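*Asks:* Here the working numbering is used: the first residue of the sequence shown is 5, the next is one more, and so on.
Source of the hints: derived by calculation from the structure; they are not laboratory data. Computed from a prediction, not measured in an experiment: that's the story for all the values here. Heads up, the beta-carbon is just placed ideally off N, CA and C, and yes, glycines get one too. Misleading hints may appear alongside valid ones.
Label-pair ranges, simulated between beta-carbon atoms [claimed, not checked]:
#	residue 1	residue 2	range
1	Val192	Ala331	55 to 63 Å
2	Gln253	Gly313	16 to 24 Å
3	Lys328	Val192	32 to 40 Å
4	Gln293	Ser181	20 to 28 Å
5	Arg232	Asp302	19 to 27 Å
6	Gln262	Glu57	19 to 27 Å
7	Lys328	Ile174	30 to 38 Å
8	Arg264	Val206	46 to 54 Å
9	Cys351	Lys112	53 to 61 Å
10	Cys351	Ala222	42 to 50 Å
11	Glu57	Thr282	42 to 50 Å
12	Ala331	Ala99	53 to 61 Å
Below, a list of computed lysine-lysine pairs in the PhoX-like style, where the Cα atoms sit at most 20 Å apart [to be verified]:
#	residue 1	residue 2
13	Lys300	Lys328
14	Lys290	Lys277
15	Lys112	Lys250
16	Lys385	Lys277
17	Lys290	Lys300
18	Lys250	Lys290
19	Lys346	Lys277
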Amino acid sequence: MIESTMKAQKTAAPRKQNETVTLGLMEWLRRTNLNDLTNSEMHSRDFNGSRAEYIYMRVRLLSIVFSILALLWIPIDIIIVPENALVSILTLRIAYSGLFLLLGLSTKGPQSLHCARLRLSIFVFIPCLFYVGSRLVFNSDTGIEGALVGYSFLPYLTVVLLAIFPLTLIEGISYASLVGITFLGSEVYFGGLLTGSTLGNVWLLTLLAGIAVWAQLAQLHMLLRLYREASRDALTGLVNRRVLNKWLQLEITRARQQQRPLSVLLFDLDFFKRVNDTYGHLTGDKVLQAFSRLLKRDLVNYNLISRYGGEEFLAVLPGLEESKAMAIADRIRRNCHTVNTKGPEGCLVNFTVSIGVTGLRDTDTTETLVSRVDKGLYSAKMKGRDIVVLAEEKEDSQT
Numbered sequence: 005m006i007e008s009t010m011k012a013q014k015t016a017a018p019r020k021q022n023e024t025v026t027l028g029l030m031e032w033l034r035r036t037n038l039n040d041l042t043n044s045e046m047h048s049r050d051f052n053g054s055r056a057e058y059i060y061m062r063v064r065l066l067s068i069v070f071s072i073l074a075l076l077w078i079p080i081d082i083i084i085v086p087e088n089a090l091v092s093i094l095t096l097r098i099a100y101s102g103l104f105l106l107l108g109l110s111t112k113g114p115q116s117l118h119c120a121r122l123r124l125s126i127f128v129f130i131p132c133l134f135y136v137g138s139r140l141v142f143n144s145d146t147g148i149e150g151a152l153v154g155y156s157f158l159p160y161l162t163v164v165l166l167a168i169f170p171l172t173l174i175e176g177i178s179y180a181s182l183v184g185i186t187f188l189g190s191e192v193y194f195g196g197l198l199t200g201s202t203l204g205n206v207w208l209l210t211l212l213a214g215i216a217v218w219a220q221l222a223q224l225h226m227l228l229r230l231y232r233e234a235s236r237d238a239l240t241g242l243v244n245r246r247v248l249n250k251w252l253q254l255e256i257t258r259a260r261q262q263q264r265p266l267s268v269l270l271f272d273l274d275f276f277k278r279v280n281d282t283y284g285h286l287t288g289d290k291v292l293q294a295f296s297r298l299l300k301r302d303l304v305n306y307n308l309i310s311r312y313g314g315e316e317f318l319a320v321l322p323g324l325e326e327s328k329a330m331a332i333a334d335r336i337r338r339n340c341h342t343v344n345t346k347g348p349e350g351c352l353v354n355f356t357v358s359i360g361v362t363g364l365r366d367t368d369t370t371e372t373l374v375s376r377v378d379k380g381l382y383s384a385k386m387k388g389r390d391i392v393v394l395a396e397e398k399e400d401s402q403t
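Generate the whole structure from the sequences, applying the supplied hints.
*Replies:* Next up, the structure:
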């Protein structure tokens with residue numbers, strides 16, 4: 005009897021471990037939005053800007069380092085490269101160093117994801133060009149000669165370096181494919197595609213690319229998680245006040261550069277304290293969540309929405325004039341009449357909202373813009389609530 009019990013325990017232990025591993029994988033999949041890792045369509049504008057800046061800094065640093073290292077390799081070229089190929093190789097190396105230096109000194113669009121992708125594409129393309137150029141100079145496969153002068157490892161080095169960037173699956177595969185196409189194209193040109201050595205190199209390059217893509221996704225997942233914990237309001241999922249203020253300043257700068265309008269809406273839920281006092285804070289939280297969902301739905305084309313504090317919410321509408329912003333604000337106000345949440349014992353809790361609206365002026369700063377829309381909201385409260393008020397110029401001078 006004792007022996008059978010011990011046997012059962014021994015057989016049960018591995019099963020429990022397997023169940024733990026399976027549950028751990030399922031829990032990770034449950035918490036991970038695979039769309040977030042596949043492409044950037046679901047990423048907020050704020051996160052895209054932060055990720056772009058992250059890529060921008062790393063590309064600049066690596067480009068300058070590669071520019072210096074390329075020049076430091078010249079003495080080795082002089083010693084090892086045959087005399088008939090030396091001038092061509094040195095020309096290639098100086099051009100290689102110069103291109104990396106230009107890329108490293110470029111400061112355009114540090115928070116533009118489009119610029120970050122272009123910058124990283126150039127970062128990948130430069131060593132690919134250098135690799136093809138060196139193959140043409142040696143006019144042979146990258147066997148002993150290429151390995152001695154340090155050229156045959158360039159495709160592998162480029163793929164491995166991609167692992168330090170937080171990229172989506174589509175981005176990672178695209179950059180790795182650029183390296184792979186360059187490598188395969190050179191082998192086709194020199195007629196070595198179907199050799200055992202080339203097939204082995206292709207397998208190694210594919211393996212390294214797979215590891216790099218996995219590392220990229222892990223970095224992206226970690227960045228998304230940390231970003232959302234640091235920048236999102238836990239209750240509503242909207243960005244917090246600090247992030248909104250930073251991006252409002254960027255939108256003001258962009259609006260002036262592009263000479264386009266910009267409007268700001270400030271919302272305040274009417275008698276929200278009464279909801280908390282009457283139905284409890286859990287019901288108050290449900291009201292905040294319901295209003296947040298309404299904002300996300302009605303402002304689906306504008307993801308610069310913030311829980312600005314307590315029951316106040318602020319939305320930035322780039323490209324919209326005050327008149328159109330007023331129409332959107334009034335639609336949101338009316339839609340609040342159709343939304344309710346369940347309170348204690350199933351009772352329905354309704355809510356209304358007061359809204360201040362203003363547009364960007366020539367002399368506005370972030371502080372003056374927010375101050376003016378806040379005065380517009382105050383006017384809405386004073387005029388009876390559940391209305392939309394356009395903040396007038398004269399309100400700026402009121403104390």
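*Asks:* The structure should be examined with respect to each hint, and the outcome stated for every one.
*Replies:* Results for each hint:
At about 59 Å, the beta-carbon gap between Val192 and Ala331 stays in the expected band of 55 to 63 Å. Roughly 18 Å separates the CB atoms of Gln253 and Gly313, a value that falls within the hinted 16 to 24 Å. For the hinted restraint 32 to 40 Å between Lys328 and Val192, the CB-CB distance of approximately 56 Å leaves it violated. A hinted range of 20 to 28 Å is violated for the C-beta pair Gln293 and Ser181, which are about 42 Å apart.
Between Arg232 and Asp302 the CB atoms are about 22 Å apart, so this pair conforms to the stated range of 19 to 27 Å. The hinted window of 19 to 27 Å between Gln262 and Glu57 holds, with their beta carbons roughly 20 Å apart. Checked against the hint of 30 to 38 Å, the pair Lys328 and Ile174 passes, with Cβ atoms roughly 34 Å apart. Checked against the given bound of 46 to 54 Å, the beta carbons of Arg264 and Val206, roughly 49 Å apart, stay inside it.
Taking the beta carbon of each, Cys351 and Lys112 are about 57 Å apart, inside 53 to 61 Å as hinted. At roughly 47 Å, the beta carbons of Cys351 and Ala222 sit within the given window of 42 to 50 Å. For the pair Glu57 and Thr282, the supplied restraint of 42 to 50 Å holds, since their beta-carbon distance comes to about 46 Å. Remark: the range hint 53 to 61 Å for Ala331 to Ala99 is upheld by a beta-carbon distance near 56 Å.
Restraint check for Lys300 and Lys328: satisfied, since their Cα atoms lie roughly 18 Å apart, inside the 20 Å limit. Proposed proximity of Lys290 and Lys277 is supported: the alpha carbons are some 14 Å apart, at most 20 Å. Between Lys112 and Lys250 the alpha-carbon distance is near 19 Å, which keeps this suggested pair within the 20 Å criterion. Taking the CA atoms of Lys385 and Lys277, the gap is about 14 Å. The hint holds against a cut of 20 Å.
For the hint linking Lys290 to Lys300, the alpha-carbon distance of about 15 Å falls within 20 Å, and the restraint holds. At roughly 28 Å between alpha-carbon atoms, Lys250 and Lys290 are farther apart than 20 Å, so this suggested pair is violated. With a C-alpha separation of about 17 Å, the suggested pairing of Lys346 with Lys277 holds against the 20 Å cut-off.
Hint violations for this structure: numbers 3, 4, 18, all remaining hints satisfied.
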